[in-house]
Every structure is written in C-alpha cells, then in structure tokens.
Amino acid sequence: MSATAETPHVGRPLRRKEDPRLITGRARYIDDITMPGTLWAAIVRSPEAHARIASIESAAALERPGIHAVYTGEDMHDLGGPLPMAWAPPGIEINNPPHWPLARGTVKHVGDPVAVVLGEDRYAVVDAAEDVVVEYEPLPVVTDPEAALNGAPFVHEELGTNKVHEWSLAGGDLEAGFADAEVTIERRVINHRIAGAPIEPRGVLADYRAGSMTLYTSTQVPHFVRLFAALLLGISEERVRVVAPEVGGGFGAKLQVCGEEILACWCSRRTGHPVKWIETRSENMAVTHQGRDQIAHVKLGAKRDGTITAYHVKILADLGAYNMMMTPLIPSLGAFVMGGCYKIPAVTTDITGVFTNKCPTDAIRGAGRPEATHMIEVMIDQLAAELGIDRLEVRRRNFIPPEDFPAAVATGVVYDSGNYAGSLDKLLTHLDQAAFEAERERLRAQGIYRGIGFSTYTEICGLAPSRITGPTGVGVGAGLWESAMVRVHNTGAVTVYTGTSPHGQGLETAFAQIVADKLGVDPQVVEVVHGDTAIGPEGRGTYGSRSLANGGEAVAKATDKVVLKAAKIVAAELEAAPEDIEVRDGKFSVKGSPDKGLTLAEVAGIAYIGAVPEGMEPGLEETTFNDPENFVFPFGAHACVVDVDAATGKVSVVRYVAVDDCGNPVNPLLIDGQVHGGIAFGIGQALYEHVQYDDEGQLVTGTFVDYTLPTAAELPSFETDHTVTPSPVNSMGVKGVGEAGTIAASAAVTNAVIDALRPLGISYINMPLSPMRVWQAIEEAGR
Amino acid sequence: MIPPEFEYTRPSTLAEAIEALQQGGEDAKLLAGGHSLIPLMKLRLAAPTLLIDIGRLPGLGGVHRENGHWRIGALTTHADVAASASAGVGLVAKVAGTIADPQVRNRGTIGGSLAHGDP
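In order, the protein sequences belong to chains U and C. Residues in the first sequence are numbered from 1 upward in steps of one, following the working numbering. Residues in the second sequence are numbered from 784 upward in steps of one, following the working numbering.
Just chain U, with the same shape it has in the complex:
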C-alpha cells in the first residue's frame, strides 16, 4: 500500500524490516565473513594487574604447526601514534599517557594485550598463545579510586599522580543558593561499574592488499575507525575502507577505536594475509571498556516548602588504566543535565578523574546521564523524607513548567521542550494508590516489604550540535552533525545511505517510513544502507540517542530535496507550477487534481532515461549534512514496585510502569523496544550487575555466572505509555529514545527499595541492591 495523506507510514507500528534476516539466521556478522588465506589472531593478555614485562619468549609458540608469527609491542614501532583519546572536554589539562595496541614495557590491568599470535586455525592460535612465555615483574596495584587519588602506587609512575583531570561546570550562585537553603541534604551516591555486554562480542577482519586496507569490524562508528586507522597506520584515508556488517548490539561498548582493530590492520599489512580476531566472552568481560564507576558527594539545598535552592555534585570517576576514545568526557555528559527536570537556580558539578589498575571506562548506554539522573532522583526522595512532604509533590513544586520552554537551565544548556507534570499525571493514571497500600499491608504479615519508587527524568541526547560539541564549544571537541544521501533508482526504488551506524535499533525501518511518506512509495521499496565508509557520505555513527533526531532529520532533509527536484520535473510535465505539486495517493500531482499525476517511478524515468527540463541536471539523488541547532531532551516518569524479602534481602521487581515522551513517534513499536531494553539495563544495574575486582586487580566477575545480567525470569512485563511533546529542534519534532529507559530506571528501582525498607529503619542505600547488601543493611538497622 502506498502512503496517502490519510494513512502516513510515520507514526505507525510497522514491523521491523531487519527482522526476517535476523530471525532466520541469514544476517551476516563479522564471524560469518571468510576470506581465503586468512590468519587467525589470538592475543596473549596479562594475568597481572600491574607489572613490568621482563621478557617475552615466543619460540615454543612459533614451533607449533600452522603458526605464522608472534608479534609484541616492540615490533610495532612503525605505528603513527598511540590509540586516540579523540573526544575530551576542551580547555583543561588531561594526563594522557600512551596506550598501545600491544603493551610496551608494562601492563596496567588484567587483560592488557602483550603479544599476538597469528596462525591458520583458530584453535591452534589459542593453544600457541599459551606457549608464549611472558615473565612479569609485579608492581604495586591500586584498584580503589579514593586510595588512588590519595597517592601511590601510581598506575603510570612517570606521571607522579593518579589524577587524570579536573573539570567543572557551574551555573548560578552556589554559595547564595546554599545560604538561602533551610535544609541541606548530603549523601554519598555510588554509581558502580557495569559492562555493556552485547550479545555479539567485538570482532575484526582486516584485509590489506595492493596498498588499500579493508577492515570489517563490529563497531558503532565506522567513520571514526577509518580516520584513526588511516592516521595510525599511515595509509591515506581514501585507501582505508571500514565496514560494520550486522552488529549484534553495542550499548556504547562499540563506540570505540579499539586496539584490536588497529592491531589486525597492522598484522594484515605485515603478513600480507587477511587477519581475523573474534573476541571471546571472557575477553569481552575483561577488556572491552566498561562504564559508570563514579563515587559522588552530593549536596542539595532547599527551602522548607521543598523549593530547591542549590545543588552541588562532586564526582570521583574511576577511569581505569588508560584514556580511551572519550574516557574522561563521560562524566561530563551528565553535568549538562545534573539538575534533572527541576528549576534549580545554582548547579555545580566538579569532576575528578582518576587512574586505577582496572579496565578503562568509557561510554556505556546513557554515559554520564544515568548517573546524573540517579543522583538527582534519589536526592529528591531524600529531601522529601527530610521535609515530610510527599515526594511527588516536591517534584511538582520544582518542575520546570511547560510555559518556560525552551528553558535555559543553570548548567548553560537550553532544554528544547517538556511537560514534566503531564508525564507524571499520566503515570499516576496507571497506579492505584489505595490498592497498593492494601497489598503492602497484606504482604507485611508474610515478611515481605513492598515499596514503590518514582523517577521523573529528562536527559540530553541527539548528539550534535557542532557549535556546542565542536572545538569552540564546551563539550566534546568534535563536530557532531549527521549525513544522509537519498538515491532514487531508474525504477523508482529508493536507497537511503545514512552516516549513522545502527546495530539493533530498527532504524532501517524508521528511516524507510520517513522516506516512504515523503516520496509516496511503500517502505518496503526503501532500502536503508549503513555502516560502510566506501558507499555514501562521511558519517558520525550511532550513539547518544542521536540517530533519529540527527541522522533521521538528515534523511528527511535529503528526501525533501529529492521531492523538490521531482516536483520541478512533474510541474514541467503537467504544465503547472512546482509549488502546486503535492505527493498524494502515491503520486506527484497538481493540488486539486489528484487523478492526473506521476508515480515516483515515472519521475525517475524522466530523470534518468527521458529528458529533464532545460537547465536541470539529470538524475534523482540528493545529499544532506544536518547540523541541528540544539540537542533534544526526552523526558518521562517511571514507577517501579518492588518486594523485599526481609529474611533474605532479595529484591523482586513486581511492576514497572514507564511513561516516556520522545516527541512525535515515528514507530511506536521501535520506541517500546528501546524502552523495554533500556529499563532492563537500568534494573540490571540497580539490582544485579556489578563488575568487581579484588584488591590485587583480578577480575572477579569474568563470566555470566558472576556478572549476572537480568533475564526474562527476573523482569516483570513492562507497562509502557507515552505523552507527545514535539521537539522544536527538527522538522519531525522527534527526540532520541535509545537511552531513556536506562537513564530513568536505576533511580526508580532504588527509590522503591528505600521506600520498602523505611519501616525497617533504613533511609538510604546505594546500588547494587544485591541480596547480601540489602540483608546486611536490614541487619545493621535492626541492631
């Protein structure tokens, strides 16, 4: 069916175009790609958290059948430089010691790569890697960020400090705000370390031949990888092609320029063979960058009526052993929305980054914003309890009102649109307070403590605009526009090239819907192509909930240009003015005469085969680079109901209701999918997931037996609803939604657990709310 004005594709829950190939096993991931003559790579990794490499003996490994080479960091001195810290807060000093694809002289965390073994068989190289004998001289280890900040041992001895950087964002008069306050609440809030844990671990296949490099890699950012591969390997950029085939989830863990990517390219050039490396789950847990790991001292000042006057957050961020692509920047992303959806006259965030002998941290779903939301939302509840005012009432008294939008907040950014009371009102229509209280009473008799928690959030996403993220702005130090190219073929079929790099979100479907409506065709004949630097324009990738608000808007703009040209062709054909041409019932026709019109296929026929009007170039294809004026700020209200078993400390999520507002919906099915996954991620952090190291820097949670991702068995059936407050930032009025669920959820769960535990004398507890931690808190409170 073609689009008509009455039934547009945008806004409908179309099933995902991606799914048939995914659910029938026909999708092509890195590990499905084979090339003749390929050498497998196995990486010898440090079992020590901190050590000097005394010697590396590879003779025994080389003697094994089928083994071609063993390389160490000493072999790689022709590399153009260390791995990049590409995005960093500008204008500050950052300690950034070199980070190499293979360690040079010392190792800084368990899993640090020391050597690579290349051979003809995947099993053979792993066996041979065990025969590479590395002699380590252990050095003192530091894993606790507070200890690391206070002095030796140093992760990087030459720096004489473990401090990475200090960065602050302040707006409003903090001192005056606290002077005005009648109540001050202070808490130590911990956002512990978690993993992205995508279903598909990382993987690379590098093929260097005839002076050109092709790198297949499971990445969210093929264009960035191409840029840095070209720079580090000294290959001119046009001779480097990076392809992200099907990517089985990223969650930020594949927003990276990885050492293994550069290493595989280097090995392919060195040996003349394609080189393949597929990460094992054990490696993924140990060395793929992790997230969060912040200890914050949080201080909130308010009047007795609940009006917040000042908010100060001091964050100590454990960055692990090295700066990776954007490691020191991550906590800063939260600073811009530190005050949440509240009108707070003074907000200050002070961030200190510190090195430890652990896996580096970097972007993991939400990246800085889940931490920020968690802090303000648990603090609001703490404040309400202190004041004896209902926690939702405290929220309402401080919400930025709808009439204030676009709303400049103390942190310096301008929230695009919002109606926070509206989403909270809608949330409450799903909750029956009287029934809840009755059930709570009933369960109490069985030793079950039921609690309900809320999180009213907003976040900053749609990463752009370059005026803020670029070198002259305050953010990232890199312009973050997005590109699209729309090509109408001879037959009227359409290919859309996007610079974003989707990896499970369903953007092939969403973008096809946008294009189909504008061109009067079926979404099924709109193919969305992504993740290959050799086709389509330069792009910036998928992260920060940017793909629709930025990349989708680029697609919309490029399609508008196609429509404009098509209208001129049709106008000439029908002897009408171009501005009188509209797309209706699958045809380009003159307004008021829908019967006489041309289909897109007929227009394409004229553009490519027939004769275009005089003075017009043939063809029907347009490119756009979209750089929006602002970020977008999705928001919503979540509620979580938990049961705590007082005897065991076990927390069960009984109910989860989410009302999200991401502007105009393009595909409600995709939105629900993103919200569901995001909530699972946030519940996982609050209750189950925790990357843990022992004092020697050994990873304790190296498998899914120890790192407990929630499964369907742990989660309730989510209840979702929406409000719609369009964004004024883009033509479609859309906002990102990929991270929203994660950003909202951990606070809702934590507040629910605290609500449940209050009768037991517990008024605050930090995540992760494991049975042991909850049980211990109950025991301590009972003493």
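Listed below are several chain C residues computed to face chain U (Cβ distance under 8 angstroms; list not exhaustive): (1) Ile-785; (2) Pro-787; (3) Leu-826.
Hints listed in this document are in silico derivations from the structure and should not be mistaken for laboratory results. Every residue, glycine too, gets a C-beta built ideally from N, C-alpha and C.
Assemble the complex: chain U is given as a structure, and chain C must be docked to it using the hints.
Chain C only, in chain U's frame:
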C-alpha cells in the same frame, strides 16, 4: 568455546566405558550433561585429554522405588529428578526444580553435580 585439544569416545556399554576410563588414565574424564565440565574446559581450567561420553549409556538413569528407598540413577537429569515429585519423591525433587534454568536442568545430571560438587 575454544578448549585445548582432546580425544572423544562414546562407548555403548558400561564395560566399555570402564575400560576406556582405565586406559585413559588420569587425564580421562567422563562427559554426561557437560554443564560443569564444559565450562571448565572453556576457561581452560580443565584440560582432559580424553572425554568418555556416557550420556547415552543404558541403565544409568531414572528414578525407581527399591526396598523402601528411592534410587536415582547417576545420569538422571535435574529435570527428571524434578519431575519425580509426582511419583512421591520429596525434598530432592523440589530442590532439583530450582537448579539454574530449564536448559541446564534438561542437560545437567545429578551424578555430574555430585562428582563436581556443582551446583
């Protein structure tokens, strides 16, 4: 999973299995459900040179009533032990139903659990 190299044999009688175990020496291991041994091999914490697959040997599975006692065969899966609740097996059946998830219960055996002390 990339374990070290090993030999594999699947005897068809108990006698053949015992003989293979004797000949294989210290580094031979029995494979039944594989839910303890294979994770150890995956992490290279175990590196048996010979795996003797007893998973299809007759007579080693099942839950039977014998002289006023319950007899549970070593090859009985956790799922089958759990299902024996209907036959009147008490606490053991109830506990078996709480081990891991259905996939694990359908493969893992009570004999393997006891041999490995896991779970």
